Amino acid sequence: MTSVRKAKHGWALTLFFAVLSVIYVMPIIIVFINSFKKKIFISNRPFALPDAKSFVGLENYINGIEKIGFLQAFGYTLFITVCSVAVIILCTSMCAWYITRVKTKITATMYYLFAFSMIVPFQMVMFTLSKIADMLHLGNPIGIVIVYLGFGAGLAVFMFCGFVKSIPLEIEESAMIDGCTPVQTYFSIVFPVMKPTAISVAILEAMWVWNDYLLPYLVLDIKKYKTIPIAIQYLKGGYGSIDMGAMMAMIVLAIIPIIIFYTACQKYIIEGVVAGAVKG
Amino acid sequence: MEKAIKKYFPIFALPTFVAFTIGFIIPFILGVYLSFCEFTTVTDAKFVGFKNYIRIWGDATFVHALWYTALFTVVSVITINALAFTVAMLLTKGIKGTNIFRTVFFMPNLIGGIILGYIWQLIFNGFLLQFDRTLTFNSAYGFWGLIILMNWQQIGYMMIIYIAGIQNIPGELIEAAKIDGANNRQLLRHVTLPMVMPSITICTFLTLTNSFKLYDQNLALTAGEPSNKSEMLALNIYNTFYTRNGWEGVGQAKAVIFFLLVALIAIVQLKLTTKKEVQA
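Chains as they are written, first to last, in this note's numbering: chain A, 1 to 280; chain B, 1001 to 1280.
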């Protein structure tokens, strides 16, 4: 009796969540539909399906790609994200291993500084950071990687330190007795063990860098280099005048790579979020 | 072993530390210093003591933004956590389609704040069109719009963390409580809630700081319209710096206050909720 009731209950819940899921993705579907409509129909009748009068095919896409240089923006965003994440993983994991294994006043201070930096909001340093980046000529896609390594180091070092503490010393010691240098020990033994944490850090940092708006806006020379969020914000132009057609099309183009990435690495993303939350 | 590693500081720790110095330490210290100065750029700073801090309180937009942000943070933390926890409870009952629902609810989290803002701007303006209004008609519209947007974005993320917490509760504990005659409400109150307290700590921490520091979504959705009435603290600081001449020092002083508030909230919240955590 109870099992029958439970199943019935479960069926109703499934139905409820199915409806809720459809409502949940609705905003994205509406944007998608509107990306094929003429500007004026987007602001006047946003919830109507395109008809013979309002349908414009791919005009918004072509128009938008040209207007904001979407393809370049996509290239720069991809380049900056991949490089920043790779550099962050490599440098901060090495740093975390060093400051956990070598116990001095300096490494202890470094650890606390990294932890402290996690609660400092970007607005606190935005003005000075952009001026310093400017002085050091870091306002290009390669220079900004250093800025991301510096500002993103806190969380990454903190997460890696948490993991290094749980690795038994004996394995590393025996490798060193067998004649490995610290560098060899690190790359042949420590780094492979840290892979799960490295994936979590990579996902959290990639989500941040890919979507970041204000830091690249202030640091990059935006006449030359726009990332996707900057390019989309750029569509807004002067006071309140937005080209809604191009906007819809560009939002769709910006979301597609995210959805592909998400469906491909869903398992890692969700595990990464959980691991990051537990340690952060 | 420690000695052998120690001299490898330049390889392991130096790259991260140099970037961290450029990207965080120097901007932070310089930022604190500049908050006591009058300046237009880093090199022409003149020390003026607490003048900037006094000028802040004569700026009505800041006081308004402070209350607006505080109210927004309270409402969004409560709604996001209540909804995320409820969804997590329902999605751990083993109903059909659980994985798909989880995937759908998490997805908006990967979309950047600027893009989210414009997606919802379309939806809200389309809806308000029926009443001949727009999102920037009244700051209350912007407020609730932003609450809905943040819920849409963050429920999935927090849900994942709550699900991990709920699944960590040992099955025997629930069985034992049931044998002792606990009903569903007692089970929730005396077993589930105390056991997921670590997840609650993390989720309230993340939602608190995310909401309080919100910038991108605020900029894209309303940009503070009408007349700075829907402007949150982060946006207010940005506008003080970059749209008002002669207010750079005040902007930096606001940023210091902003940082102190974020730090204070983070510390108090962590103290309060970790005290309630229990061991199984």
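I should point out that these hints are in silico values taken from the structure, not numbers from a laboratory.
It is possible that some hints are incorrect.
Claimed, not checked - Once the Cα atoms are required to be at most 30 Å apart in a straight line, the calculated BS3-like pairs of lysine-lysine come out as:
1) K1178/B x K1275/B
2) K236/A x K1229/B
3) K267/A x K1093/B
4) K53/A x K39/A
5) K1051/B x K195/A
6) K105/A x K1007/B
7) K67/A x K53/A
8) K131/A x K1046/B
9) K38/A x K236/A
10) K165/A x K1178/B
11) K131/A x K1276/B
12) K1051/B x K1229/B
13) K1003/B x K105/A
14) K1096/B x K1213/B
15) K1093/B x K1178/B
16) K1178/B x K1276/B
17) K165/A x K131/A
18) K223/A x K1271/B
19) K1006/B x K105/A
20) K1093/B x K103/A
21) K67/A x K105/A
22) K1096/B x K165/A
23) K1093/B x K39/A
24) K105/A x K1271/B
25) K1093/B x K165/A
26) K103/A x K1229/B
27) K224/A x K1213/B
28) K1213/B x K1051/B
29) K1051/B x K165/A
30) K1229/B x K165/A
31) K1093/B x K1276/B
32) K267/A x K195/A
33) K1271/B x K236/A
34) K53/A x K38/A
35) K195/A x K105/A
36) K1006/B x K1096/B
37) K67/A x K236/A
38) K267/A x K1007/B
39) K267/A x K224/A
On a predicted model such as this, the values are computed, not experimentally measured, just so you know.
Verification of the hints:
1. K1178/B x K1275/B: Satisfied, since the Cα-Cα distance of roughly 27 Å is no more than 30 Å.
2. K236/A x K1229/B: Since the Cα atoms of K236/A and K1229/B sit roughly 20 Å apart, the hinted pair holds (cutoff 30 Å).
3. K267/A x K1093/B: At roughly 20 Å apart (the allowed maximum being 30 Å), K1093/B and K267/A satisfy the hint.
4. K53/A x K39/A: Cα-Cα ~12 Å, so holds.
5. K1051/B x K195/A: 51 Å, violated
6. K105/A x K1007/B: Roughly 15 Å separates the two Cα atoms, so the pair holds.
7. K67/A x K53/A: Holds - the C-alpha atoms of K53/A and K67/A are around 24 Å apart, at most 30 Å.
8. K131/A x K1046/B: With Cα atoms ~17 Å apart, K131/A and K1046/B stay inside 30 Å; holds.
9. K38/A x K236/A: Between K38/A and K236/A the Cα gap is close to 17 Å, so the pair holds against 30 Å.
10. K165/A x K1178/B: 39 Å, violated
11. K131/A x K1276/B: 44 Å, violated
12. K1051/B x K1229/B: The given pair, whose Cα atoms are some 26 Å apart, holds under the 30 Å limit.
13. K1003/B x K105/A: 15 Å, holds
14. K1096/B x K1213/B: 37 Å, violated
15. K1093/B x K1178/B: 16 Å, holds
16. K1178/B x K1276/B: Distance ~23 Å between K1178/B and K1276/B Cα, so the pair holds.
17. K165/A x K131/A: 37 Å, violated
18. K223/A x K1271/B: Cα-Cα ~46 Å, so violated.
19. K1006/B x K105/A: Within the cut-off at roughly 13 Å; holds.
20. K1093/B x K103/A: 47 Å, violated
21. K67/A x K105/A: Distance ~54 Å between K67/A and K105/A Cα, so the pair is violated.
22. K1096/B x K165/A: 40 Å, violated
23. K1093/B x K39/A: 46 Å, violated
24. K105/A x K1271/B: Measuring from Cα to Cα gives roughly 27 Å; hence the hint holds.
25. K1093/B x K165/A: 36 Å, violated
26. K103/A x K1229/B: 51 Å, violated
27. K224/A x K1213/B: With a Cα-Cα distance of about 29 Å, the restraint between K224/A and K1213/B holds, given a limit of 30 Å.
28. K1213/B x K1051/B: Judged against 30 Å, a Cα distance of about 25 Å means the pair holds.
29. K1051/B x K165/A: 47 Å, violated
30. K1229/B x K165/A: 48 Å, violated
31. K1093/B x K1276/B: Since the Cα atoms of K1093/B and K1276/B sit roughly 26 Å apart, the hinted pair holds (cutoff 30 Å).
32. K267/A x K195/A: Measuring from Cα to Cα gives roughly 15 Å; hence the hint holds.
33. K1271/B x K236/A: Violated, at about 43 Å.
34. K53/A x K38/A: Holds, at about 9 Å.
35. K195/A x K105/A: Measuring from Cα to Cα gives roughly 29 Å; hence the hint holds.
36. K1006/B x K1096/B: 55 Å, violated
37. K67/A x K236/A: 12 Å, holds
38. K267/A x K1007/B: 40 Å, violated
39. K267/A x K224/A: Violated, at roughly 37 Å.
Hints 5, 10, 11, 14, 17, 18, 20, 21, 22, 23, 25, 26, 29, 30, 33, 36, 38 and 39, counting from the list given before, are not met by this structure.
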